[in-house]
Amino acid sequence: MGTVHYTDEALLLSGDLEDFGRFYDRYVRALLAFFQRRTSNPEVAADLTAETFAAAMVARKRYEPRAATAAAWLFAIAHNKLIDYQRRGSTEDRMRSRLGMEPVAVSAEDAEMIRWLGEEVASQMVEDLPPDQRDAIRAHVLEDRDYAEIARSERLSEATVRKRVSRGLRVLRDRAGGTR
Amino acid sequence: MSSDYIPRLRRELLRAGATEPSRWAPAARGLRPLAAAAAVALVVLAVVLVVPWRDEQPSRPVETPPSTLQLTYRGEPSSAADSARVMRERLAAAGVRDASVSVAAGGSLTITVPAAARADVAALVGSGRIAIYDWERSVLGPRGTPAPRDADVTGDPDAGRSAATTKSVAEGRAARAADGRAVRALSAVPDGWFALGGRPALTNADIQGARPDVDPTTQEPIVALHLTADGRKAFTTLTRELARRGTANAVPGAGVEAAQHFAIVIDDRIVSVPFIDFRQTPDGLDGAAGMQIQGGLTPESARQLAALLSAGPLAADLEPEG
Numbered sequence: 004m005g006t007v008h009y010t011d012e013a014l015l016l017s018g019d020l021e022d023f024g025r026f027y028d029r030y031v032r033a034l035l036a037f038f039q040r041r042t043s044n045p046e047v048a049a050d051l052t053a054e055t056f057a058a059a060m061v062a063r064k065r066y067e068p069r070a071a072t073a074a075a076w077l078f079a080i081a082h083n084k085l086i087d088y089q090r091r092g093s094t095e096d097r098m099r100s101r102l103g104m105e106p107v108a109v110s111a112e113d114a115e116m117i118r119w120l121g122e123e124v125a126s127q128m129v130e131d132l133p134p135d136q137r138d139a140i141r142a143h144v145l146e147d148r149d150y151a152e153i154a155r156s157e158r159l160s161e162a163t164v165r166k167r168v169s170r171g172l173r174v175l176r177d178r179a180g181g182t183r
Numbered sequence: 593m594s595s596d597y598i599p600r601l602r603r604e605l606l607r608a609g610a611t612e613p614s615r616w617a618p619a620a621r622g623l624r625p626l627a628a629a630a631a632v633a634l635v636v637l638a639v640v641l642v643v644p645w646r647d648e649q650p651s652r653p654v655e656t657p658p659s660t661l662q663l664t665y666r667g668e669p670s671s672a673a674d675s676a677r678v679m680r681e682r683l684a685a686a687g688v689r690d691a692s693v694s695v696a697a698g699g700s701l702t703i704t705v706p707a708a709a710r711a712d713v714a715a716l717v718g719s720g721r722i723a724i725y726d727w728e729r730s731v732l733g734p735r736g737t738p739a740p741r742d743a744d745v746t747g748d749p750d751a752g753r754s755a756a757t758t759k760s761v762a763e764g765r766a767a768r769a770a771d772g773r774a775v776r777a778l779s780a781v782p783d784g785w786f787a788l789g790g791r792p793a794l795t796n797a798d799i800q801g802a803r804p805d806v807d808p809t810t811q812e813p814i815v816a817l818h819l820t821a822d823g824r825k826a827f828t829t830l831t832r833e834l835a836r837r838g839t840a841n842a843v844p845g846a847g848v849e850a851a852q853h854f855a856i857v858i859d860d861r862i863v864s865v866p867f868i869d870f871r872q873t874p875d876g877l878d879g880a881a882g883m884q885i886q887g888g889l890t891p892e893s894a895r896q897l898a899a900l901l902s903a904g905p906l907a908a909d910l911e912p913e914g
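Sequences listed follow chains A and B, in order.
Okay, so the first sequence: first residue is 4 according to the working numbering, each after it adds one.
Okay, so the second sequence: first residue is 593 according to the working numbering, each after it adds one.
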């Protein structure tokens, strides 16, 4: 039977755990890089990534595709986790506890990999994107500016900004080795 | 670098996710009756959402005896016998036992089924017309013509959802195109519509059979479609064209953002808009292997959808009488 491929949104909403795993595969590297660049601490980046995916696992049934792409939704959760961390000075494990997740240890090699992702994925790979996607990713993902603000400053529609971010993330995901 | 952190976190996440319901169960014990009612409501809602092209309830249900429903639908005398045959085959394919379909004077159809099969009947009285389109070449823009490279028309990468318009706009665009038609967007956009133009690549005539199945990789319910010889050729041709166009449009070194889609339309609704990964299948998919409808299906709705497609289309939807 021919293989067909599904959007992030379909994977998130299917209710099948393995589909959630495929969604994880697409974004785990981008999330690790996102947190590593902001915390410069691989253990914290790993913790925040695990907590973000645990929150996404718990909340995925409430995800509303009309409100945001699945990638934007995931990064909104990530952004909130980062703010919580910056306020508290420590990572929380509320969602992991709710799911009953065991801690996943971070070895020296894991930390090295996360550092590499933070340095390479979020800088060099973004630089290699087409200019419109690169600028949109920089503004939204790396500088935490919201879509409306970017749209105003760039004189674009918000939909266009969302589209560029979405496409840029897809390219990054593929280049980082995520599978579809 | 030989880190295995990413797969270890994945395993732990999915392991914990698999035990999520049982962990919540003790806290919800006092709410079980409410939870059960909510679960039933969700199942009903899921059926309505997944099979939205046939949501009318038949009129005048008469229980004869109480465990049996008798439902009457209007029909054309000239096509009543064919409609009765199709409905019998659909009910049998859906596994509805003790069902009978008879043609009354004037061409109306009387369907008698066990009361528990009401939802099955409601899901099976749609015309069951399937059409598979080259999405980018068929979806119509404001001028009533396709605009394959315009994401504001195709919605890429969210084909079938993003760029949806209203019913009246879609109908206006469709009216200007050859073989134009307005179709509902994917069910995630309940009020969204698109206009499609041109002939579909495959129709019911290309479908040899349909059966509910489970995707061996994801364990997700699917409907497997077996194609006729012409259907296999058409599907192979369609997906080869999509793959080659995706390759031609791709930016060197980039991912699959240039991938092209096909849309599966059943009656007046888009039910799926998969894309062809031109990197994995640069020559498209082999139609001999059949195709599948996947996404948002439950075992129940997959069974009903397979039955709907298993016996060919009706001349028109069956409308409840009265």
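Don't read these hints as lab results, they were simulated from the structure.
One thing to keep in mind: the hints can contain errors.
[Stated by the list, open to error] Which chain A residues face chain B? A few, computed with CB under 7 Å, are given here:
1) Ser17
2) Asp19
3) Ala53
4) Lys64
5) Tyr66
6) Glu105
7) Ala111
8) Val129
9) Arg170
Treat the numbers as computed from the prediction; the structure is a model and nothing was measured.
Glycine residues also receive a C-beta, built at the ideal position from the N, C-alpha and C atoms.
Hints, one by one, checked against the model:
A distance limit of 7 Å between C-beta atoms decides the matter here; for A:Ser17 the minimum to chain B is near 6 Å, and the interface restraint holds. The beta carbon of A:Asp19 comes within 5 Å of a beta carbon in chain B, closer than 7 Å, and the hint placing it at the interface holds. With a cut of 7 Å, the hint placing A:Ala53 at the interface with chain B holds, because the nearest CB-to-CB distance is about 6 Å. Of the supplied interface hints, the one on A:Lys64 is violated, with its beta-carbon coming no nearer than about 10 Å to a beta-carbon of chain B, more than 7 Å.
About 10 Å separates the beta-carbon of A:Tyr66 from the nearest beta-carbon of chain B, more than 7 Å, and the hint is not met. With a least beta-carbon distance of about 6 Å to chain B, the hint placing A:Glu105 at the interface is held under the 7 Å criterion. Of the supplied interface hints, the one on A:Ala111 is violated, with its beta-carbon coming no nearer than about 9 Å to a beta-carbon of chain B, more than 7 Å. Because the closest C-beta pair between A:Val129 and chain B is about 13 Å apart, greater than 7 Å, the hint is violated.
Because the beta carbon of A:Arg170 sits about 5 Å from the nearest beta carbon in chain B, less than 7 Å, this interface hint is met.
Going down the numbered hints, you'll see the structure goes against 4, 5, 7 and 8, while the others check out.
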